[in-house]
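A.B. asks: Protein sequences appear in the order of chains A and B. Per the working numbering: the first sequence = residues 34 to 142. Per the working numbering: the second sequence = residues 4 to 119.
Read the hints as simulated data drawn from the structure, not as lab findings. Treat the hints with care, as some may be off.
[Unchecked claim] Calculated lysine-lysine pairs in the DSBU-like style (CA-CA distance at most 35 Å, straight line):
#1 B:K17 to A:K101
#2 A:K50 to A:K89
#3 B:K17 to A:K134
#4 A:K134 to B:K44
#5 B:K58 to B:K23
#6 A:K89 to B:K67
#7 B:K58 to A:K74
#8 A:K36 to B:K44
#9 A:K134 to B:K58
#10 A:K36 to B:K69
#11 A:K134 to B:K69
#12 A:K50 to B:K44
#13 A:K89 to B:K17
#14 A:K89 to B:K23
#15 A:K36 to B:K23
#16 B:K17 to B:K67
#17 B:K44 to A:K74
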Amino acid sequence: ELKVEQNPLFLSMQEGKNYTIYCNYSTTSDRLYWYRQDPGKSLESLFVLLSNGAVKQEGRLMASLDTKARLSTLHITAAVHDLSATYFCAVDSGYALNFGKGTSLLVTP
Amino acid sequence: GAVVSQHPSWVICKSGTSVKIECRSLDFQATTMFWYRQFPKQSLMLMATSNEGSKATYEQGVEKDKFLINHASLTLSTLTVTSAHPEDSSFYICSVSQGANTGELFFGEGSRLTVL
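Just chain A, with the same shape it has in the complex (with noise of 0.2 Å):
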């Protein structure tokens, strides 16, 4: 069964400030992806990183794949509160998208 964990679960960070999150999974997987949601809304496509050595950047953050390690990353630069969400990395069996437990992401002044 594929696993995906995701740290920190609960990141609060000031404006301006640099922060990494990452998720590792348990199995071979080339396919990963990050959506943001926000409270009591749907998700959002953020990144979609569909090879080892993918980087995929889109304003102040960055998503990476390293699929020999089983590890993504999302970089955040720069912090700003518009960027206070949950974050959820995503992994693709094959079958379906397992996704990971969640960060969320205060963003304080």
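Add chain B to chain A, keeping to what the hints say.
C.D. replies: Same frame as chain A, now just chain B:
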């Protein structure tokens, strides 16, 4: 990406009643749709895979007689929670995979069910 719409956005019902949630793929013909459930402050759990014109595939532990899924057309899948109980209260989200090469899922707005 694909545009997915769910209805209703939220519903409150009495214990023992049945509730139907619709999921529509507005700009894409989806032979497969996925139904997820999310409890407060938890992750998404796949309930079932809805297949157009055939029976849904349920995940282990999901009662198929309680959560009826119908995928009668390429743009509509429905989830009916039968004889709902308070423990069925949750956020139900459907999704479609438009990208055959990417496997990326696009999610509906979600339907929040509260069973009294």
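A.B. asks: Between K44 of chain B and K74 of chain A, does the CA-CA distance stay at or below 35 Å?
C.D. replies: holds (12 Å)
A.B. asks: Does K89 of chain A pair with K23 of chain B here, judged by a C-alpha cut-off of 35 Å?
C.D. replies: violated (39 Å)
A.B. asks: Verify the proposed pairing of K134 of chain A with K69 of chain B, using a straight-line Cα cut of 35 Å.
C.D. replies: Satisfied, since the Cα-Cα distance of roughly 26 Å is no more than 35 Å.
A.B. asks: Does K44 of chain B sit within 35 Å of K134 of chain A, going by the straight-line distance between their CA atoms?
C.D. replies: holds (9 Å)
A.B. asks: Between the alpha carbons of K50 of chain A and K89 of chain A, is the straight-line distance 35 Å or under?
C.D. replies: holds (20 Å)
A.B. asks: Holds or violated: are the alpha carbons of K89 of chain A and K67 of chain B at most 35 Å from each other?
C.D. replies: Distance ~39 Å between K89 of chain A and K67 of chain B Cα, so the pair is violated.
A.B. asks: Can you confirm whether the C-alpha distance between K17 of chain B and K101 of chain A stays at or below 35 Å?
C.D. replies: violated (50 Å)
A.B. asks: Do the alpha carbons of K89 of chain A and K17 of chain B lie within 35 Å of each other, as the hint requires?
C.D. replies: violated (46 Å)
A.B. asks: Within a Cα-Cα threshold of 35 Å, do K36 of chain A and K44 of chain B meet the stated pairing?
C.D. replies: holds (18 Å)
A.B. asks: Sort out whether K74 of chain A lies within 35 Å of K58 of chain B, counting only the CA atoms.
C.D. replies: holds (29 Å)
A.B. asks: Are the Cα positions of K58 of chain B and K23 of chain B separated by 35 Å at most?
C.D. replies: holds (17 Å)
A.B. asks: Going straight from one Cα to the other, do K36 of chain A and K23 of chain B come out at no more than 35 Å?
C.D. replies: holds (31 Å)
In the structure shown, a violation is registered for the earlier hints numbered 1, 6, 13, 14, in ascending order.
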